[in-house]
Amino acid sequence: MQIVIFLPLTLILITQPNVILASFLVLCVSPLWELRVLAWFLFLINFHLVRIKAMSVLYILLFFLIFCFRARPQVQTQAHWKAPIMWEGMFEPKLYDLTHNKAHSSVALTVFAVGRYLDAYLNTFLTSAERYFMLGLPVTYFIFTDLPEKVPNIKLGLGRSLKIVQIEKHSRWQDISMMRMKTISNTIESEIHHCCNYVFCFDVDQKFMGRFGSEALGDSVALLHAHYYKLPKERFTYDRNPKSKAFLQTGDFYYHAAIFGGLLKNVKNLTDSCYMSIMEDKKNNVEALWHDESHLNKYFFLYKPSRILSPEYCWDQSIYDKSDINVTRLIWAPKNYDTLRMNI
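In short: position in the sequence shown from 1, add 707, done, that's the working numbering.
I should point out that these hints are in silico values taken from the structure, not numbers from a laboratory. Computed from a prediction, not measured in an experiment: that's the story for all the values here. Yeah, the Cβ is synthetic: ideal placement off N, Cα and C, and Gly gets one too. Don't take every hint at face value.
Stated by the list, open to error - For each label pair, taking beta carbons as the anchor points, the in silico distance ranges come out as:
no.: 1; residue 1: Asp926; residue 2: Met986; range: 36 to 46 Å
no.: 2; residue 1: Met983; residue 2: Ser897; range: 14 to 24 Å
no.: 3; residue 1: Lys876; residue 2: Gly917; range: 42 to 52 Å
no.: 4; residue 1: Lys789; residue 2: Thr834; range: 36 to 46 Å
When you get a sec, could you build the whole thing from the sequences and use the hints?
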């Protein structure tokens, strides 16, 4: 696929009288970082192009073909509705950071640490977030827990703060998972809108391992599930029960509910919609296959996310095929569900 794009593009760039303009346009619109690198290189040599012999141009082209067609398999970098799928190498971190600093962006991070999950995961989650999550931007952590006195005292960086929100304890972990939608919505309305313009919602049983920065911010942000992003759609585990409000026969991608986010108004719309669907199911004595994740997938099918995070942003290290993963930004923590979910 790339060679079909590269060869005509290269011929056009080196034969057009205004190579600078052509290269600039490619730099602006190309979703493939390899094309942007090629355009940038041709931009630089434009001033000397008249002195480069034809054979030299062929050597340059050969170099880029070898460089670009390396062992890593091609990954999808854009949804059919033009939303970018964020992979390592397709963005310039400093440009995103500069843009969001100028825009005075601020981020709320919500996480639920209930019962045994608090002792098992919260300290690691928070300390690793302090090393890697949205560095350089104001961040407020919202910790939802039934055990506020056990929240660890983490040393926070400049411009970062932590708030504890006490919630009631549910007897089933499924109810905790599903009812978080209402809790997040209420907190956006009561507190988050006073301090932040973006919100990211995380599961606690995860650990940050690398930059999770401003490139992840968008109007509406979804995450590709690490176990499903390479599978055919018929193997996606949507809720295919027509009685459920989460019913979805087929969709675009399979999204992971471990992370979602966006502008406050969009996340509130998402959480309100999912909560209403969950309550409608409860009235009809129905429970979606994967609880809030099933409702989240239905929502993102109806209302497409504007930005999609690749599995780099939430990777399961037990997956054998890591050929697409050049960097792990966040990983699943080891889980012992039999112990953790016993009388949450």
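Going through the hints against the structure:
Distance hint for Asp926 and Met986: a CB-CB separation of about 26 Å, inconsistent with the stated range 36 to 46 Å. Between Met983 and Ser897 the Cβ separation comes to about 19 Å, which falls inside the hinted range of 14 to 24 Å. For the pair Lys876 and Gly917, the supplied restraint of 42 to 52 Å is violated, since their beta-carbon distance comes to about 34 Å. Range check, Lys789 to Thr834: Cβ separation about 37 Å, and the 36 to 46 Å hint holds.
Going down the numbered hints, you'll see the structure goes against 1 and 3, while the others check out.
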